[in-house]
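**Q** Each chain, written out:
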Amino acid sequence: MKEIAIVGFQQSDSVSDAGAVNEVEMIMPVLSRVFQQVGINNAQDVGFVCSGSCDYLQGAAFAFVAGVDALGAVPPIKESHVEMDAAWALYESILKIRMGHADSALIYGFGKSSPGELPIVMSQQLDPYYLAPLWVDSISLAALQARLMLDQGLITEGDMAEVVSRSRRNAMNNPHAQLAGDVAPDDVLAQEMYLSPLRKADICPVSDGASAMIIATVEKAKEWGMPYAIISGIDHCIETHNLGMRDLTDSVSTRTAAKRAGMDAGKVDVAELYAPFSHQEIILTRALGLADDTLINPSGGVLAGNLMMASGLSRIGEVFNRIVSGEVQCGIAHATSGPCLQHNLVTVLEKA
Amino acid sequence: MANLAAVVGIGQTKYMTKRLDVSIAGLVREAAVNALQDADLTWDDIDAVILGKAPDMFEGVIMPETYLTDALGCNGKPMLRVHTAGSVGGSTALVAASHVQSGMFKRVLTVSFEKQSESNAMWALSNPQPFSTHLNAGAGGYFAPIIREYMRRSNAPYDVGIKVAVKDRLHGARNPLAHLQKPDITMQEVEESFMLWDPIRFLEACPSSDGACAMIIANEELADKASKKPAWIRGVAMRSEPTMYAGRDEVNPQAGRDCAADVYKQAGITNPRKDLDCAEVYVPFSWYEPMWLENLGFAPEGEGWKLTMEGATSLDEGGDIPWNCSGGVLSSNAIGASGMIRFAEAARQVRGDAGDHQVEGAKLALGHAYGGGAQFYAMWVVGSEKP
Numbered sequence: 000m001k002e003i004a005i006v007g008f009q010q011s012d013s014v015s016d017a018g019a020v021n022e023v024e025m026i027m028p029v030l031s032r033v034f035q036q037v038g039i040n041n042a043q044d045v046g047f048v049c050s051g052s053c054d055y056l057q058g059a060a061f062a063f064v065a066g067v068d069a070l071g072a073v074p075p076i077k078e079s080h081v082e083m084d085a086a087w088a089l090y091e092s093i094l095k096i097r098m099g100h101a102d103s104a105l106i107y108g109f110g111k112s113s114p115g116e117l118p119i120v121m122s123q124q125l126d127p128y129y130l131a132p133l134w135v136d137s138i139s140l141a142a143l144q145a146r147l148m149l150d151q152g153l154i155t156e157g158d159m160a161e162v163v164s165r166s167r168r169n170a171m172n173n174p175h176a177q178l179a180g181d182v183a184p185d186d187v188l189a190q191e192m193y194l195s196p197l198r199k200a201d202i203c204p205v206s207d208g209a210s211a212m213i214i215a216t217v218e219k220a221k222e223w224g225m226p227y228a229i230i231s232g233i234d235h236c237i238e239t240h241n242l243g244m245r246d247l248t249d250s251v252s253t254r255t256a257a258k259r260a261g262m263d264a265g266k267v268d269v270a271e272l273y274a275p276f277s278h279q280e281i282i283l284t285r286a287l288g289l290a291d292d293t294l295i296n297p298s299g300g301v302l303a304g305n306l307m308m309a310s311g312l313s314r315i316g317e318v319f320n321r322i323v324s325g326e327v328q329c330g331i332a333h334a335t336s337g338p339c340l341q342h343n344l345v346t347v348l349e350k351a
Numbered sequence: 000m001a002n003l004a005a006v007v008g009i010g011q012t013k014y015m016t017k018r019l020d021v022s023i024a025g026l027v028r029e030a031a032v033n034a035l036q037d038a039d040l041t042w043d044d045i046d047a048v049i050l051g052k053a054p055d056m057f058e059g060v061i062m063p064e065t066y067l068t069d070a071l072g073c074n075g076k077p078m079l080r081v082h083t084a085g086s087v088g089g090s091t092a093l094v095a096a097s098h099v100q101s102g103m104f105k106r107v108l109t110v111s112f113e114k115q116s117e118s119n120a121m122w123a124l125s126n127p128q129p130f131s132t133h134l135n136a137g138a139g140g141y142f143a144p145i146i147r148e149y150m151r152r153s154n155a156p157y158d159v160g161i162k163v164a165v166k167d168r169l170h171g172a173r174n175p176l177a178h179l180q181k182p183d184i185t186m187q188e189v190e191e192s193f194m195l196w197d198p199i200r201f202l203e204a205c206p207s208s209d210g211a212c213a214m215i216i217a218n219e220e221l222a223d224k225a226s227k228k229p230a231w232i233r234g235v236a237m238r239s240e241p242t243m244y245a246g247r248d249e250v251n252p253q254a255g256r257d258c259a260a261d262v263y264k265q266a267g268i269t270n271p272r273k274d275l276d277c278a279e280v281y282v283p284f285s286w287y288e289p290m291w292l293e294n295l296g297f298a299p300e301g302e303g304w305k306l307t308m309e310g311a312t313s314l315d316e317g318g319d320i321p322w323n324c325s326g327g328v329l330s331s332n333a334i335g336a337s338g339m340i341r342f343a344e345a346a347r348q349v350r351g352d353a354g355d356h357q358v359e360g361a362k363l364a365l366g367h368a369y370g371g372g373a374q375f376y377a378m379w380v381v382g383s384e385k386p
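Chains as they are written, first to last, in numbering that gives the first Met the number 0: chain A, 0 to 351; chain B, 0 to 386.
Isolated chain B (complex conformation) (with noise of 0.2 Å):
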């Protein structure tokens, strides 16, 4: 059995095109120093860091934990970098709690970021491969083809999508610090956007940002005396599945269904939609939601768009299963801090710290990424009550 270990602090910065302000050492540690903040804590009851981002040829810096360790007051102690593709936020608040919950560890900090405005994702993205077909589409260009096919299965409406788009920006108009703030985004808005890759629209897709994401996860002793109320980590799992192999269905991966399956089990869930309060989905584009409600079995196959259509997942309609309350990728992506703020964001839900997003009297809550050709999958499931 893992050793307990809970959330007891929480950092972010805010999430916006440029900042211009700091350098990538200092936005980490704006979010490290807002985490220890949080936690009523110094950088001395730190035992060691976990730091998290997508490629390093995003911002062109190699391993850059070498260069931010002093940044994040680290010199001393042990430091790991996990780079697990567009899961890597969360895998890295799997990563920093399995330091807790083998015991080897008390109390750790785990921070993740992206500085897009210094960096150029599409181009990383995109370098020519030799013995490889050289693919020029980015993420959007790679999804598009599998939303279509997810559309033409389960017969949903056009305007899901769309839907989604507006409901995400409302939800991130509660929180201030979300990168786009639309509080009166409208759905003919959405829809009247350009294209950018059919079906996705430009108001359809997550928006570039710079930022970082920090929390403090503590063992139970720690945790029991932490200054504000911590988030208990009920389960964790992660799995992995090939880009390509006879038979995979892209639409809803194995790997996603396996890993939810894992994590529920864990947190004693066996009605996601009734037994969590809220989720925290990394969905960077609209019809992600759709599509992952069905994969995390939050409805049967080809029936995800009902739950979107019906207002379930929106806080404004005082949906059941709010999801994305902060406003999720959809309002704010800093891409390798994207998964670790949705894990972050479930547990400021169940801590009741959540502001205007907060979601009333959130208990349970579910957080999620995933990555590559959406076959890295990392998902914790966090609780108000000690398990």
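Looking at chain A on its own, in the form it has when it is part of the complex (with noise of 0.2 Å):
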């Protein structure tokens, strides 16, 4: 199986209202930056593109059609599109590599958040008979999840803001970061409660932003000549909508998925986790048996700043730029989709 390298990270500041720029403003920098890094000019020096977005952020159908016009595709380029995280964008990327139809790839994802209310927007995420028309929104769908864990002894309230402080103190080394600050789990605790068992700490903001990556073959990473990390696995699988028919304080897609990407609890140097909620950090954790040294969220994760649609692919570029940094020898990456971590995706990272 052909190896993958990843060559090119870039993401723009997590932002809770990105004013009057459209989707569109959002992306270019974003891809301007991405191609510098890697040494080329846009899309016409790559293989082949793939989109992470959602109409629903934008309230328009085909909203991911205004992006091409980012793109520099004049003459037309190879270009897809998945209504799915940008991580998902990722994979089909690899799909395109390894069939010999591409050498090289970027894969971007964008959502402005901030015009809509998105924990009922998502609502309509689910089953459009019995579940949407009750307007049950993700956050409340999240609590439910959260309260299964307290009521079965699985955490406490005190682990919750365990998560909630680690991730507001390591986002001070964040520059994209939405929220940071040297917050203890005490701070968290004195919080009122929001939608209980939940405090709004233990929920990730809504943001607008775009992040962006450059994949390709070792060879042309090579030809290149840039630093760059090798995907060693990636491997997602869903589980069943109906909440009442899963164990939602487990995650068995999340440990199917790292079992198939070829993760190796025992070599995972760091972890980034698509959690955006507080008690997801810990069942995610969990489902992964990672090890105690294994450095979990060091960006803050999502609960510092939630692209959606681009915070999965986010969560990988964040494991490469530690690893072509020398800081790590190997990582993890996770992205999730769907109510209570219905459909995961795990990237397995190593150093080339």
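Derived from the structure by calculation, the hints contain no laboratory data. In this text, all values refer to a predicted model and were calculated from it rather than measured experimentally.
Across the chosen pairs, the derived CB separations fall in these ranges:
#1 Asn-241(A) x Pro-127(B): 30 to 38 Å
#2 Lys-1(A) x Arg-151(B): 47 to 55 Å
#3 Gln-36(A) x Pro-127(B): 35 to 43 Å
#4 Lys-264(B) x Lys-1(A): 21 to 29 Å
Stretch-level coverage of chain B by chain A, calculated; a stretch enters the list once three of its residues show a Cβ under 8 Å from a Cβ in chain A:
#5 48–61
#6 81–90
#7 121–128
#8 253–262
Where is the CB? At the ideal position from N, CA and C, for every residue including glycine.
Put the two chains together into one complex, using the hints given.
**A** As structure tokens, this is what we get:
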């Protein structure tokens, strides 16, 4: 199987309201920076382009079409799109390279969530006949999940506050973070309840922004001559949509994906987990069997800023950054989709 | 080199205005089960599911793969959701094929659908956007001026579109799954139907359909052992260009020409009219047949309409290169599925399994889809023989 190298990654700042900036204007700076990082001019210089976005965030059908305007797609390019987090656009791009139809790919994800009411909007992701008409928002569903864990004694509110505290402190070293600060667990516990048992700090913020990545075959990466990291495994797995039919306190699909991606829990220096709620980071850490010495979400994770449709790709990019900087040798990145961690993707990265 | 892959199972629903008897999940499952039966396989034989549909705003379900995983037997497996505008059905088939061609999967299921009776496409396509001109036009209003430009450039007679509308409905009458069943349609009837978007008359436009299409794509080893004759994938290509740019030719877009050249090269096609036995091409408005005949290299620029008028694309007139023997998009349009139906119908032809709309001895066929402002293209060539 052809080895895949990550050669470049760039992300925008995570901001609570990008104002009048439209989606193309949000993508453009990130694309320019990632092209510059690799030393190429535009999408003409890669073999394939794939993006991830969601029409419902923009409130228009075909929201991604304008994205093509940001690419310099004249003459026409090989391009595709997933209505999923861009981590899955990376997955599609890897298929394209492995089948020999491209030697490199640009992947980008973007979301401007601020104009809408994101938790309520996401209620329309549920079964359209039985659940969506109830308008159960994504925070309420996560609160039910956290409540199950607390009631079963699997976690305490203190454990959740620890996750938040570590996120805020780690994010102090992340220039793109939206929420950062020297916050102690007790400071979190002192906050009032928002949607019991979740405090506002247990919930990722609503953010606007974009991220972009360039991958290539190892041969192409060497030709470009830039530092790269290797994707040694990537896999994903979905579970039933019926929340009552799965154990919400565990994430079986994450474990399955990690196993199929070839993750060795003993060899994970760093893990970036897409956990939009504090208790979900604990579910994921346990599902993956991560060792105590694994660095978890050193970027602050998505509790520090959640770029819908790009956060999963950004987790992979964060691990890439730490590997090429020499900080770590290997790591894993996780992406999620659907209510209460329904669909999960795991990427295993190694030093070249 | 890509690994070999082939279509080993095809399933479709009957296309119609309203499938009130099934939910969205029931609709996609029906197509998937039909494909499994066609391939003599069960859910356990499937390694991943690749789902495609047009915008989520049509039915109002965000990222419906999360809801449809149960109906598609995907729990515990990878699920990917493709969305590339109107070309999505074709792109989805290509992404599904890439799962196998990459060597990462042995056998996958791909499904695409639209349930237009539970959606409002006109509304979803016409939402006003900040900083943009509000076009309350839908697809027909968008394409009508481009068609008028084609008519001006080519000096085609006014009734070419009418001829296509009749031809595809006569083809559709041979296909029991086709939505519109009009075996007695006449040129006069089409001409007298009311004008929707000049020059597109009501009967020159596609219908609104509910429906789903599914295919099972397998690797060489499994395709060799398939219970029915496989359709071997001989070439795959995608191209995109921006909606607008200086000098863009909207009548004969570069992305379409490049995509065709790419897929022909892979399949060893030098003269598409001669080398291919038939084609399933995305023609949602009648005039797009002559336009795509030129864009896809079946005729020189400005002369596509002559093939149509000669009957070259008609099964009933014994044409040498029948287009849209299934009745095409003009006979059934479950939007998100329409591209995949083209790809699947091309595969049916080379499997010799197209029933009353079979092209005798078809060995090589083109499947084509386009979307957006005629800017996204997906194509494949399938053959009866292993390459």
